[in-house]
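One line per chain: the protein sequences are A and B, in this order. The first sequence begins at 1 in the working numbering and counts up by one. The second sequence begins at 1001 in the working numbering and counts up by one.
Careful, some of the hints might be misleading.
Calculated cross-link-like contacts (lysine-lysine; reagent style BS3-like; alpha-carbon spacing at most 25 Å) [claimed, not checked]:
(1) A:Lys160 - B:Lys1123
(2) A:Lys146 - B:Lys1146
(3) B:Lys1086 - A:Lys123
(4) B:Lys1086 - A:Lys122
(5) B:Lys1123 - A:Lys86
(6) A:Lys123 - B:Lys1195
(7) A:Lys123 - B:Lys1210
(8) A:Lys210 - B:Lys1120
(9) A:Lys122 - B:Lys1120
(10) A:Lys86 - B:Lys1021
(11) A:Lys160 - B:Lys1122
(12) B:Lys1122 - A:Lys195
(13) B:Lys1195 - B:Lys1160
(14) B:Lys1122 - B:Lys1160
(15) A:Lys195 - B:Lys1123
(16) A:Lys172 - B:Lys1120
(17) B:Lys1123 - A:Lys172
(18) A:Lys120 - B:Lys1120
(19) B:Lys1120 - A:Lys195
(20) A:Lys86 - B:Lys1120
(21) B:Lys1172 - A:Lys123
(22) A:Lys120 - B:Lys1195
(23) A:Lys123 - B:Lys1160
(24) A:Lys122 - B:Lys1172
(25) A:Lys120 - B:Lys1086
(26) B:Lys1172 - A:Lys120
(27) B:Lys1021 - A:Lys120
(28) B:Lys1021 - B:Lys1210
(29) A:Lys210 - A:Lys20
(30) A:Lys210 - A:Lys160
(31) B:Lys1086 - A:Lys160
(32) A:Lys122 - B:Lys1195
(33) A:Lys86 - A:Lys172
(34) A:Lys172 - B:Lys1122
FYI, nobody ran anything at the bench for these hints, they're computed from the structure.
Protein chains: 2
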Amino acid sequence: DIFAFLDTGPSPSLPYLKGKKILVSAGPTREIIDPVRFLSNRSSGKTGFAIAQAAQTQGAEVTLVTGPVELPTPPGVERIDVTSAKDMLDAITPLYDEVDLVIKTAAVADYTPNETFPHKVKKSDGDLSVNMVRTVDILGELGRRKDQQILVGFAAETNKVSEYAEAKIAEKNLDMIVANNVNEAGIGFASDDNKITIFRRDHESIEYDKQSKEDLAYHLLEELQPLFEGDG
Amino acid sequence: DIFAFLDTGPSPSLPYLKGKKILVSAGPTREIIDPVRFLSNRSSGKTGFAIAQAAQTQGAEVTLVTGPVELPTPPGVERIDVTSAKDMLDAITPLYDEVDLVIKTAAVADYTPNETFPHKVKKSDGDLSVNMVRTVDILGELGRRKDQQILVGFAAETNKVSEYAEAKIAEKNLDMIVANNVNEAGIGFASDDNKITIFRRDHESIEYDKQSKEDLAYHLLEELQPLFEGDG
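For reference, chain A alone in the conformation it holds in the complex (with noise of 0.2 Å):
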């Protein structure tokens, strides 16, 4: 088909898109212990931000709830901010039974303090343990509790990292896990440019080179077609 070819030029359309309802997550969370201290992660929330751009840009309903990072809000998009993950829970709990898809970027702590300080902890001499409780797994919960939403999970591993997408994929009910590899240098956390390799229910797996993350924003909504056409 000879029309095929203008489908690929250089304004890009997923119809399949269209006023669908997609929530993205993105960002890292902060865990406060005190006023001052906090334990946190190296997401930058740029990968988030990409994808709730591009799909904005093609006609979806996009709210994106957010951890503390320093980036602009995307024109069009809904934006939740939140700091840590029972926050992040919260903002995404109520949401979750109107929408058409999830993309789950955010860096979610597992860990959080399992006390808060209402003033800073002066220092003493000797060392001194941070005693920590398992949060809400959030993806996991919105894999039990799937409908018709399609479900995307991310995975900042450093090894391992084909074996773990695929339990990921099972145990947690998704419909695609992306994977990338935080070891490498000028990919990644903080980075403009990241290597991903996305993962499919199907145990079907894309590789693609190093790219800017607007760039593979647009390939990761790509790679949605199927799911959102039933035949996923």
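Starting from the structure of chain A, add chain B where the hints point.
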């Protein structure tokens, strides 16, 4: 003296800063748990960057040693980027002998994990303890090694501010300490404004109204005049 009036006009001048070597530390530190997770604090670096810029404008040679922040380098200032408390110590130590003034605005972690993992630690069921050890007290170390240097510390306290400030001046051999109350909304961490009290070694203290970090930077440098002129 009628000419004194002119000195407080729109082009303020602090001639005692001209050619002085000034070291400013700024921002938070990040104490690394694994390639993804870290412990940090809410310092934005804005106060330190404002002081570095103000001092440079007055003709000082300014080196700015900063933890991870999202701020542009003030023109004419030499910037050294660091991550952890240990990096901060290693960057400051070799510069100390040569400088006339150190202003330590950095919020350096008091504790660091006693082990850094080369791979992301997998979460597991149940609780977790992060065991931490004390970092080197950089300001205390500079106080012990003090020669010609003027030493200014900061205190981000949430209670008993003046009591703590006075004790810290004596204990760390400082010339001045700047205290801000990080409990109040709209000031302090991450904000553009701040409300500070300056405590001097002679037990005098000066409280400033809430104002921009740029204006406070100038007031702080003004208060250094007697110290540079050998009569503080």
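Hint check:
1. A:Lys160 - B:Lys1123: Roughly 15 Å separates the two Cα atoms, so the pair holds.
2. A:Lys146 - B:Lys1146: violated, 64 Å
3. B:Lys1086 - A:Lys123: Status holds; Cα separation ~17 Å.
4. B:Lys1086 - A:Lys122: OK: Lys1086 of chain B and Lys122 of chain A at ~20 Å, within 25 Å.
5. B:Lys1123 - A:Lys86: holds, 17 Å
6. A:Lys123 - B:Lys1195: holds, 24 Å
7. A:Lys123 - B:Lys1210: Violated: Lys123 of chain A and Lys1210 of chain B sit about 28 Å apart, past 25 Å.
8. A:Lys210 - B:Lys1120: holds, 22 Å
9. A:Lys122 - B:Lys1120: violated, 29 Å
10. A:Lys86 - B:Lys1021: violated, 47 Å
11. A:Lys160 - B:Lys1122: The hint holds at about 12 Å.
12. B:Lys1122 - A:Lys195: holds, 22 Å
13. B:Lys1195 - B:Lys1160: Holds. Lys1195 of chain B to Lys1160 of chain B sits at ~16 Å (cutoff 25 Å).
14. B:Lys1122 - B:Lys1160: violated, 40 Å
15. A:Lys195 - B:Lys1123: holds, 24 Å
16. A:Lys172 - B:Lys1120: holds, 20 Å
17. B:Lys1123 - A:Lys172: holds, 15 Å
18. A:Lys120 - B:Lys1120: Cα-Cα ~28 Å, so violated.
19. B:Lys1120 - A:Lys195: holds, 18 Å
20. A:Lys86 - B:Lys1120: Status holds; Cα separation ~22 Å.
21. B:Lys1172 - A:Lys123: holds, 15 Å
22. A:Lys120 - B:Lys1195: This hinted pair holds, its Cα atoms lying about 18 Å apart.
23. A:Lys123 - B:Lys1160: Holds, at about 15 Å.
24. A:Lys122 - B:Lys1172: holds, 16 Å
25. A:Lys120 - B:Lys1086: Holds, at about 22 Å.
26. B:Lys1172 - A:Lys120: Status holds; Cα separation ~20 Å.
27. B:Lys1021 - A:Lys120: Roughly 33 Å separates the two Cα atoms, so the pair is violated.
28. B:Lys1021 - B:Lys1210: Measuring from Cα to Cα gives roughly 29 Å; hence the hint is violated.
29. A:Lys210 - A:Lys20: Since the Cα atoms of Lys210 of chain A and Lys20 of chain A sit roughly 29 Å apart, the hinted pair is violated (cutoff 25 Å).
30. A:Lys210 - A:Lys160: The given pair, whose Cα atoms are some 19 Å apart, holds under the 25 Å limit.
31. B:Lys1086 - A:Lys160: violated, 31 Å
32. A:Lys122 - B:Lys1195: Holds - the C-alpha atoms of Lys1195 of chain B and Lys122 of chain A are around 22 Å apart, at most 25 Å.
33. A:Lys86 - A:Lys172: It holds: about 19 Å lies between the C-alpha atoms, which stays within 25 Å.
34. A:Lys172 - B:Lys1122: holds, 16 Å
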